[in-house]
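Chemist: Order-wise, the sequence lines are chains A and B.
At position 131 of the first sequence the residue is numbered 130 (numbering that gives the first Met the number 0), and the sequence of numbers has no breaks.
At position 71 of the second sequence the residue is numbered 70 (numbering that gives the first Met the number 0), and the sequence of numbers has no breaks.
Worth flagging that the hints you see were computed from the coordinates, not collected in a lab.
A hint or two may mislead.
Only some residues are given here: those of chain A computed to face chain B with a beta carbon under 8 Å [as the list claims (entries may be wrong)]:
no.	residue
1	G74
2	T85
3	G86
4	L92
5	A268
As the structure is a prediction and not an experimental result, all values here were calculated from the model.
Glycine is no exception: its CB is placed at the ideal position from the N, C-alpha and C atoms.
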Amino acid sequence: MTPDSPVMAAVPAIAAVVALTLIAGIRGLRIARSTSDFFVASRAVRPWWNAAAIGGEYLAAASFLGVAGLFAARGDQALWLVIGYTGGFVVLLLFIAAPFRRSNGYTVSDFAQVRFDSMAARRAVSVVVVVICGAYIVPQLHGAGLVATTVLGAPRWVGPVLVATVVGLTMASGGMRSATIVQGVQYLIKVACLLVPLAFIVGTLAARGFTSVRIPTLPAALGAGSPYGTISLLISLLLGAAAFPHVLLRLYTSPDGRSAQRTVVIVAALVGTFYAIPLAYGVIGRWAVPQVVADNRADSLVLVLPYFIVGEPFGEMLVAMVAAGAFGAFIATSSGLVITMAGVVSQDLFGSDVKRFRLSALLATGLALVLALVTDSRSIIDTVGHVFAFSASTLFPVLVLGIWWRRATALAAVSGITVGAILVVGAAVAYYVLERPVGVVGELLAHPAAVTVPLVFTVVVVASRLRPADIQAAEQFIHQIHRPDEVETNFAVPVRTRR
Amino acid sequence: MSDLDRDHDGHGQPRRDATRRVRVTAPDHAAVPDLGTLIRAALSGERRDSDEHIRRLIRSRLRLALSCAATLAAVLVLAVFTVLATAPPRSAPDALLRWGAVWAAVLLAVLGIAAWFQARSSRMEKTWQEDRTAGQR
Chain A
0 MTPDSPVMAA VPAIAAVVAL TLIAGIRGLR IARSTSDFFV ASRAVRPWWN AAAIGGEYLA
60 AASFLGVAGL FAARGDQALW LVIGYTGGFV VLLLFIAAPF RRSNGYTVSD FAQVRFDSMA
120 ARRAVSVVVV VICGAYIVPQ LHGAGLVATT VLGAPRWVGP VLVATVVGLT MASGGMRSAT
180 IVQGVQYLIK VACLLVPLAF IVGTLAARGF TSVRIPTLPA ALGAGSPYGT ISLLISLLLG
240 AAAFPHVLLR LYTSPDGRSA QRTVVIVAAL VGTFYAIPLA YGVIGRWAVP QVVADNRADS
300 LVLVLPYFIV GEPFGEMLVA MVAAGAFGAF IATSSGLVIT MAGVVSQDLF GSDVKRFRLS
360 ALLATGLALV LALVTDSRSI IDTVGHVFAF SASTLFPVLV LGIWWRRATA LAAVSGITVG
420 AILVVGAAVA YYVLERPVGV VGELLAHPAA VTVPLVFTVV VVASRLRPAD IQAAEQFIHQ
480 IHRPDEVETN FAVPVRTRR
Chain B
0 MSDLDRDHDG HGQPRRDATR RVRVTAPDHA AVPDLGTLIR AALSGERRDS DEHIRRLIRS
60 RLRLALSCAA TLAAVLVLAV FTVLATAPPR SAPDALLRWG AVWAAVLLAV LGIAAWFQAR
120 SSRMEKTWQE DRTAGQR
């Protein structure tokens, strides 16, 4: 089910978002003066703007399109999804935010290298960061393809190519300064582009006395997931979100640990309140246009709902607005992921000068684009679910134990990351190869975090106990990152170690 | 590798002269010191004298974090139990009412825990700071 003809009003709306992004990116380029500007925006981003930027990059395709569709199609899973997405910031606040910021690195890999005094730990974290960002950016580009086909009637490749081009150019030119401005602006665009059409939808339904506008073809009944699946999903979302590398990288742009904490509290509020909007879309969509859900096109619900409910002449404009907001979501999230990947790739593969950083940004974008074009567009939610489980089973245990436990060793960290990565990737591959099995095996493969996360924690603890290392440097590092900001001295981590 | 401005050691304020384009400073590999050496140097000296003091702060903060995490877990378990133990909603408006209420309650709890932790953590640091200053006198 799509609008009868391409929504041409979406073309100028999307063009406006793209233009705004490029202008913001150029602004970032003009004020980017130093290495610190380029990597961490000189650590001078205030909490409210940083929170908006994190909100801009965090509320991705899954949040903008997937949550509403999931709520309409599969019921309570969407509820756990938004709870997990939001609650993850509390976990981040409790265990990671301030100490991580006080480590004064430029990338997550810097933290691993300094804490464990090990290049092996650094490289393991770098690989994980690239995998997470790469796997997470592909659904964003698939989402752009969905918008291109649903709204513009264009071939699927148009969306990914447009987003990748804008992101690649903006991030390669202006670095973190550009990303901060772009993402902060995109958060506001996203909220406005969902809220205004929703107001029209509710107003129209109210004027009609809340009657359904189409003869319903009833989708499957709303159901509840299994206790294991639900709890495992929550674990992967809560812990995976807390260790997402592009969110962690943004904490480095805060002036100090306390600002990082404040930023995370504000993000939790911004993200939490945002989710009321897609939930409303999902409920209204299931009730008013259930054919969309029954036709297995739930991901496009947000895009077509204004068209079907409001109708002419405003419906088309509102669809255009939602499409523009969706592109904003893809651009903001992809920007954060590209900048995170570029930082890691440039430092670990090519070297840390700006020319190579830019090359890395273009390379990361190009690689993601190729992956998006050659892979099948699975359900957005299913794809990101495994990415969260991967993050929760690799980075989260290593970060938490690295921050709080002085006996965690480099060997143990690498072992934990390896075990977690193999288990989650294995589960994801088996899940798709077996064509989404049901039952106990299906639950385990779809939601592996409840098994893998405790297992990885155990591996790190046992390995650290079996092969203990000198803890003096680790202890001093932990003391340093837990000190209040006021007693912080000139502790600074350079961009990369000498080989 | 050169720049029109200094790098300010990576911490300076950028000049707000946006009328001209400036090349961004590249970190010079040869000039970057070994991370471990730098950190060991930064961590040595006067910081060592308050090791036990900082351990107490870390333990207090960990207790606070764990108690907040336990509260969050309890809230989530309650929410899961509430939703899974009751019959699925009959219609979309019913779902909105029931799951919307669960969502609102969890969101309030999440924000409450976050605000509580931040306030307690700040107070804890302030007290630690005062104790430390008193100890140095």
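Chemist: Would you settle whether the hint for G86/A is holds or violated, based on the nearest Cβ-Cβ distance to chain B being less than 8 Å?
Modeler: holds, 5 Å
Chemist: Does T85/A meet its interface restraint, that is, does its C-beta lie within less than 8 Å of any C-beta in chain B?
Modeler: Status holds, d = 6 Å.
Chemist: Let's test the interface hint: is any C-beta of chain B closer than 8 Å to that of A268/A?
Modeler: Holds - the Cβ of A268/A comes within 8 Å of chain B, reaching about 6 Å at its closest.
Chemist: When the nearest CB of chain B is found for G74/A, is that gap smaller than 8 Å?
Modeler: Given a least distance of 7 Å, the restraint on G74/A holds.
Chemist: Does the closest beta carbon of chain B sit nearer than 8 Å to the beta carbon of L92/A?
Modeler: Given a least distance of 6 Å, the restraint on L92/A holds.
When the structure is compared with the earlier hints, no violation turns up for any of them.
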